[in-house]
Structure formats: structure tokens, C-alpha cells
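Following the hints, complete the assembly by docking chains B and C onto the known chain A.
Residue numbers (this note's numbering), protein chains in the order written: chain A, 1 to 145; chain B, 146 to 265; chain C, 266 to 879.
To be clear, the hints were calculated from the coordinates, so they are not data collected in a lab. Keep in mind it's a predicted model, so treat the numbers as computed, not measured. C-beta atoms are modelled at their ideal positions from N, C-alpha and C, and glycine is treated no differently. Hints are not guaranteed to be accurate.
What the hints assert, rightly or not - From the structure, some residues in chain C lie toward chain A, with a derived Cβ separation under 10 Å:
#	residue
1	Arg763
2	Phe857
3	Leu864
4	Ala868
Unchecked claim - Subject to a maximum C-alpha distance of 30 Å in a straight line, what follows is the list of computed DSSO-like cross-link-like pairs (lysine-lysine):
#	chain 1	residue 1	chain 2	residue 2
5	C	Lys635	C	Lys671
6	B	Lys216	C	Lys737
7	B	Lys187	C	Lys737
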Amino acid sequence: MADSPTFHAVVFRVGDLICAAPAGIVREILPPLPATRIPGVAGAVEGLVNLRGVLLTVIDAHRLLDRPRRDADEGPIVVLDVAGRQCGLLVGEVKDFVELPPAAVAPRGQLPGVDPRIVQAVGNHGGEHFVILDIEALLAPMLGS
Amino acid sequence: MSHTVLVCDDAIFMRTMISDILTQAGFEIVGEAESGVQAVEKYRQLKPDLVTMDIVMPDMGGIDAVREICKTDPDAKVLMCSAMGQQALVVEAIQAGAKDFVVKPFQPSRVLEAVQRVLG
Amino acid sequence: MDHAGYAALFLTESREHLRACNQALLAWEQDPAAVEPVDALFRAIHTLKGMAATMGHDAIARVAHSAENLLDALRTGRVSVTAGLLQLLFGAVDQLANGVEAAGAGTVPASDDSELLVALDRAADGGAVGAATAEYAVHQILPAGRAVSVAIRADAPMRGGRAMLALRRAESLGTVTALRPAAAAFEREEFDGRFTFRLESRASDDEVVAAIVSAGDVASVTFEDAVPERAEPAARGRQIRVDLRRLDAMMKQVGELVVARNRLVDLALRRSDPELEATAERIARLVGGLQSEVIAARMTPVGEVFDRFPRLVRDLGRDLGKQVRFEMEGEDIELDRAVLDEIGDPLLHLIRNAMDHGLEAPEDRLAAGKPAQGRLLLSASRERNSVAIRVSDDGRGIDRAAILAKARREGVIEAAADTLSDDQLLRVLARPGFSTARAVSGVSGRGVGVDVVATRVRALGGTLAIQTVEGKGTTFVVHVPLTLAIVRALLTSIGSERYAVPLAYVAETVEFDARSVTAVRDREALIVRDRAIPTVHLRHLVSLADETTPRHRPSVILEIGERRAALVVDALLGQQDIVVEPFDAPRGMPSFFGGATILADGAPALILDAAALL
Chain A
1 MADSPTFHAV
11 VFRVGDLICA
21 APAGIVREIL
31 PPLPATRIPG
41 VAGAVEGLVN
51 LRGVLLTVID
61 AHRLLDRPRR
71 DADEGPIVVL
81 DVAGRQCGLL
91 VGEVKDFVEL
101 PPAAVAPRGQ
111 LPGVDPRIVQ
121 AVGNHGGEHF
131 VILDIEALLA
141 PMLGS
Chain B
146 MSHTVLVCDD
156 AIFMRTMISD
166 ILTQAGFEIV
176 GEAESGVQAV
186 EKYRQLKPDL
196 VTMDIVMPDM
206 GGIDAVREIC
216 KTDPDAKVLM
226 CSAMGQQALV
236 VEAIQAGAKD
246 FVVKPFQPSR
256 VLEAVQRVLG
Chain C
266 MDHAGYAALF
276 LTESREHLRA
286 CNQALLAWEQ
296 DPAAVEPVDA
306 LFRAIHTLKG
316 MAATMGHDAI
326 ARVAHSAENL
336 LDALRTGRVS
346 VTAGLLQLLF
356 GAVDQLANGV
366 EAAGAGTVPA
376 SDDSELLVAL
386 DRAADGGAVG
396 AATAEYAVHQ
406 ILPAGRAVSV
416 AIRADAPMRG
426 GRAMLALRRA
436 ESLGTVTALR
446 PAAAAFEREE
456 FDGRFTFRLE
466 SRASDDEVVA
476 AIVSAGDVAS
486 VTFEDAVPER
496 AEPAARGRQI
506 RVDLRRLDAM
516 MKQVGELVVA
526 RNRLVDLALR
536 RSDPELEATA
546 ERIARLVGGL
556 QSEVIAARMT
566 PVGEVFDRFP
576 RLVRDLGRDL
586 GKQVRFEMEG
596 EDIELDRAVL
606 DEIGDPLLHL
616 IRNAMDHGLE
626 APEDRLAAGK
636 PAQGRLLLSA
646 SRERNSVAIR
656 VSDDGRGIDR
666 AAILAKARRE
676 GVIEAAADTL
686 SDDQLLRVLA
696 RPGFSTARAV
706 SGVSGRGVGV
716 DVVATRVRAL
726 GGTLAIQTVE
736 GKGTTFVVHV
746 PLTLAIVRAL
756 LTSIGSERYA
766 VPLAYVAETV
776 EFDARSVTAV
786 RDREALIVRD
796 RAIPTVHLRH
806 LVSLADETTP
816 RHRPSVILEI
826 GERRAALVVD
836 ALLGQQDIVV
846 EPFDAPRGMP
856 SFFGGATILA
866 DGAPALILDA
876 AALL
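Pulled out of the complex, with its shape left as it was, chain A reads as follows (with noise of 0.2 Å):
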């Protein structure tokens, strides 16, 4: 981040929260999907969905941050590259594309009621503030090793 002029976020919502991931890991936007759930697993597993013939791990954005889904939101999934996996964060609504000059990023911050080790920074976009989440730090523990 600090060697680039600007930062491109991609901007969603989860519940109340509005949050962002850094564009560069983004590979898609996916459509509500039908997830088969896996039983044992971590409850923000939400499941595998079929992606054109591939399967993909999705995890529940809502219940891994601990934010009430909104009753009407159907859940988009974003597609990211997580130390070199693949996996999709299940989400209330994907807001933006943004481009972030420097000065609209500041270093993490506390931010009441998120867990401060999965922010990376903090950014703002038309006066509007969000938190770009530490993706790696928020899904390596639902991963396998």
C-alpha cells in the first residue's frame, strides 16, 4: 500500500458494517449461490458452492464478524485469493469499486466493536469510512492448514 499512489478497494457491506478488501485479491462477484454445508466444521463455514465446475469454500461474512444479516439481503459472494487458496466470503451487499488516494488511507484504528487484529486500515470514501479488513488474518483460521 505504502509503495502505490493509490489504494483500489473493493467496498461491501456485512449487516451494519461497512467494510472493504483490497482489490487486489479480488477475483470475482459472485451471485447468491446454493452452499452444501459441511457438518463439523466451524459455524462460519457456510459451505461449497459450485463455481463453473470448481468448488469453492464459502464462509459467512455475517457470522465470522459477528453482524446480524439483514433480512433482505441475498448474500453475493466475493471471491478471494487467501494465501494462494482460493475461498468466498459470503457478504449483505457489495457497495463500490473505489480508488483511495494515500491520504484517504490511515493505519489501522480502533473501531468500536471490531476485533482490531483483523483491521488493516482504515479508509475513507466520500466521507464515508470504512475498514479494509486484514483478509488473511480474518479467514487463515477458518481454512485448513
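This is chains B and C only, laid out in the frame that chain A set:
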């Protein structure tokens, strides 16, 4: 002299049916077995000309029984009794040494054809 | 001329000839008066010499040439065979192997061959041969026997069984090779009853036809003209060499095609358009045929892996001072190349173990009232959709008491336990690093490497079992699936969820009736034909809440060796070919899931691993 037969099946119904078909055709049923283990034992005692063998039986299955019997007598004439959908088992049984097979439900004519082939 | 393009071919073909050399030498050693092994050895070495010279590998050609001279002297009776001469020839074959491997790696053989050459030439009694103008031609040998095509009547029940009978009749007349499709295809319900093979036999055409027709339900038997082909050590009829990676790629594509086909058929059925349905069905059949062919193309006889063991056992026997009669059975049983490639090392381990720790020294055997010569059996056999490979010795067996004591000391099993079943024994032995040779105080170091074998076999989706009787011997049984890529599975459901159970370990399906349940050692068990089989409720396994379920439910009897379990499900949804799809499993996924797949309707489903459930 009529040929001697050992009938192996865990269901009395099937044993009765096969025995009837073969008796009417002039064969002599010299013994019955209701498990693979029994089949092997009785084969050794009775040395029948022909064995009819169900594939799925308790204790030792029909395929293992064929294998055992053929170990001591490679020329043993064993006719497998199979059901639809057991093709893989039938193929395995033949590789184990069974000489022919019939498919349930039995048609007497097909059973006798198979018996003739085995004894022929 | 640039020969680089032939290097790979040279390497694979040379290895085959070297294998043939070792086989011939072993056979010769068993029966020094036999003629065939000498001829086979001569042919293989002569061919090797020609190939090596053509490729410019002069060192290999030189050793081959000297060996050939010695063989010629032996064949013509100018020199008589002795154990020392055989040992010298074994050495020559080893040197050739070194040379071939070095050539393959683009290096120079590590060992010096000058002493060997002198010894070979001296043995051949000096100038027995004139000018070294060897003809560098590869032998042209006609393929063995005639090509036979058989068709089973289309209306015959169980065409596969009938085809196997017809094949057995042909086998009673001579040697059958180049069977297409592979015997495994006979087991498929959709097998169309047509197959071809080569038959090497003295019987006349009429006799061959009569024998095959006597299997019953045969529609036709035809002979094709034999086409002269390139020499092959195994004379397996018309063959070309295909890079394994290409076969892998083909298999993957076919796998995807199978999934797409399943989906197409599913969609077509919902449209109620007869034309679409007919087309989908036709495509489904064609894809099924293609799948069988690709699998058959990948099927390789286990003999290819077994062949290296006689030499190994012989050498180990010499090194360890043990007398052993080594026997192999079922070398023609076929396995997917990918499985075969992975199974060699575990088998090597088991054979070494048997030689090292299982079989006793001759004097110990005599003292125990056994013949001085031990017996080691390596056998392969088909069991449903899997292959069982057994490594069986008649040695001292495993000292259960010693293992039990050690397991108790290390807290591996509860202190109160006073016996170990075979299963428990294996579980103890297969613990990583459980025992070293020293740990079981000279009785048997069986722990060594068993964990490695178990892990490797498990990674193949296979299982390892052990049967041992003290003083009588030990048998290790390795079960491996026929093929890794496409699995025939039984689809089951619990509530709205579906799970696939690979058919390889399904013995049968029976009805679970709450009244036919008993308790064995506090575990629920289902009585099936007077046998109590412990139950596993899939509903509990996948942590779904109990519902008011009907008293009668289907249950799937899983079976691996002697172990059985009854998997109780809500419903059976039928069989399907599934492709095991790679995916990144989330942390904590239970080990009883062996993977995942995509079903005909496009939904992902988890695959249950029978081995982990038992």
C-alpha cells in the same frame, strides 16, 4: 447313473426351487448348504458332480466358497446363482473358478442349459 | 543424426528389457537345465545392445556385447552353467541397469565396468567370438497368436459374466493377451458384450470357436488377420506408448465430461422433449463408452510392479542368510496406472519387513519344526471395485504380548486391556514411530515403517489390514481402489442433504428395522443374517437433529476385510459415477469425509470415506 448335485443357498425357498428344477430333469440332489462354510465342507464330503452356489450367503460368501472349493479341486463344476445387478460379482466368481451362472428369477430352461454346458 | 527424441523411448524400453533379463535369470537359477530363460535373456540383451549402440551409449553396448558372448558360449554348451556364472550375469545386468539409468539422467555410470568386462570375457573362454560386427537390428517378432473378436448376444442377461466365461474358455486353450476392453469393463452393467484379445494356442480356429461358443449366449467369434508388429518384450499385441501425463489429461477431461453428461441428462429429463431426451441419452452412452475406454487405457497389470520383487527377494535372502521360496499370484490383475505407480513403495516396504523380521533364519525355522526354506507370497486379487494385494509370510508372526506390553506402557491403549485384536495390533503398529527394532526387544521390529505404509495406502483411498499368528506367519493386506479419478458411488440422503458413498466398500444394502437391533458391548448393532453389525447413523454423524424417522430405513453395509458397519441413512438415491474434485477443505473437516464432488444437478456433495468410518 444320474448326476449328483449340491445346492447352496441361504434361502430355503431358493434351494427348494432349484432342487425341484433339477430333480425333475433327473438329477440327484445329494446335499444342501446354507452358508459358504457349509458349502465347502459338504463339497469335500460329497464330491458332487455339480454345485449350485448363491453369491451372497452368510459366513462365507459364494465367491469365497468357489475359491476354496477350486483350491482343492480345480475341476469342480460350480454354477453361480446371481441376481440382476450383480454383474461385478459374477465376473469375480468366474475369475475365482465358477464354470457358469444363471440369473434370478430362474427360468427352468435356462438353468438346465447352463447345467448342460457345465457338465458337457 | 540427433537421437534426443528417442531418449525417453530408449529409457522405458530398456527398463522393460532389463526386467525381462532379471526374470529370465531368476528362472534360470531355479532350473539351470531350462533352455527358455537362456534364450529370453539372450534376446533381451541382444536387443539392448542394438538400442544402446544406436543411441551412442557405447559403454552399455560393450557390457551387453560381452554378456552376449558369454551367453552364446553357454547356449552352445562350450561353457557349463554354474552358480558363479549366474552371479556374474546378475552383475552384468545390474551394470547395464546402471548404464541405462545414467544415460537417462544424462550422466556417466558411477561404477567402473572394466573388471566386469574382463570377467565376462574370461568366462566366455577368451576368443570364442570373432569380429565384433554385431548386427544392430531390433528383432522383429510376430505378435503372439491370432486376434479374436467375440460378441455376446445383445439379449443375453449379464453380458459381462458371459463374456468372462467365454474368455475363460479361450484361456483353457492357451495364452490370452491384449484383452480389450480390460476385464474390469466386464463388470459394468452397461458393458455391451464385445471384446477382443490375442490367443496364443495350438488349437485350430474351429476348436477355438467351439470352445468360446460353449460358454453360451455367444453371438459371434471372428478372427482378424495378424498384423506384423514391432517386437515387445511382453508381446502384448498392437501397442503404442503414450505419455502418462497425456492419459492423465484425458482422464481429467473425461471426468469433467462425465459430470457435464450427468447434468445434461438431468436437465433433459425435466424438459420432457423426447428428441432432446433421446440425444442426451445417446451422448450419455457415448460418454460412458469413452470413459470405459480411457480407464481401460490406463489399466496396467500389477505384474509391472511385482516384476521387480523376485530379484529383490533373492538378493535380500542372500544378504540376510535366509532361504525363501517367493511366489507371486494374480500378476495380470489390472490397476489404474496412477494407483500402480503409488503402490510399489509400500509393497517394497512390506516385503522388506517380511524378509527382515517375518521370516526366520534357516536354523531357527528347523528348530521350530518348520522347513528351512520360508515362503513369501505376493498376490493380487479383485474384490468388488477394489484390488487386494497380500504380502504373506510363514515366519514367526508378531509377538502380541510384547506389543501389548509396550502399547500399555506408552499409554497407547488402556492399561486394563489384556488382548489385542488384529485391528488393534495394526493400529498400534501404525502409530508414527511406535516401535523401533530395539523397542520390541528383538522379537520383531514390525513397527518400522508400518506407519509409512499405512499413510501411503490411505492417501490412495486404500486400507491396510494385518493378520498374524504367532509362530505361523503374518499377512499384510493392502486394499486399493481400481482407479482414482472416477468413482462409482451410492448416493444417500439425510433430510435434504445428500452424501456419496463409494461403492468399492459397499457390501450390500439392507433395511434398518428398529426391531432387528441389538446391543453389542453397549453399541447398537444391526442383525443381518445372524451377524451383528455395528450401526453408524449418518444423521448423528453429520450432526443433524433427530426427526421422527420411519422405523424402516435403508442402511448401507460397509465392509473392508473383516470390518463392517451399517450406515443408516434416510434414503438411497441410486448410483452415480462421480469425479472426486479437489477443494480446499476448511479447518476441522471431519476425517470421515474423503472429498467432495459435483452431482448431476450441479450441487456439491461430500463423499464419505468408508475406511474412516470403520
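Which numbered hints fail = none
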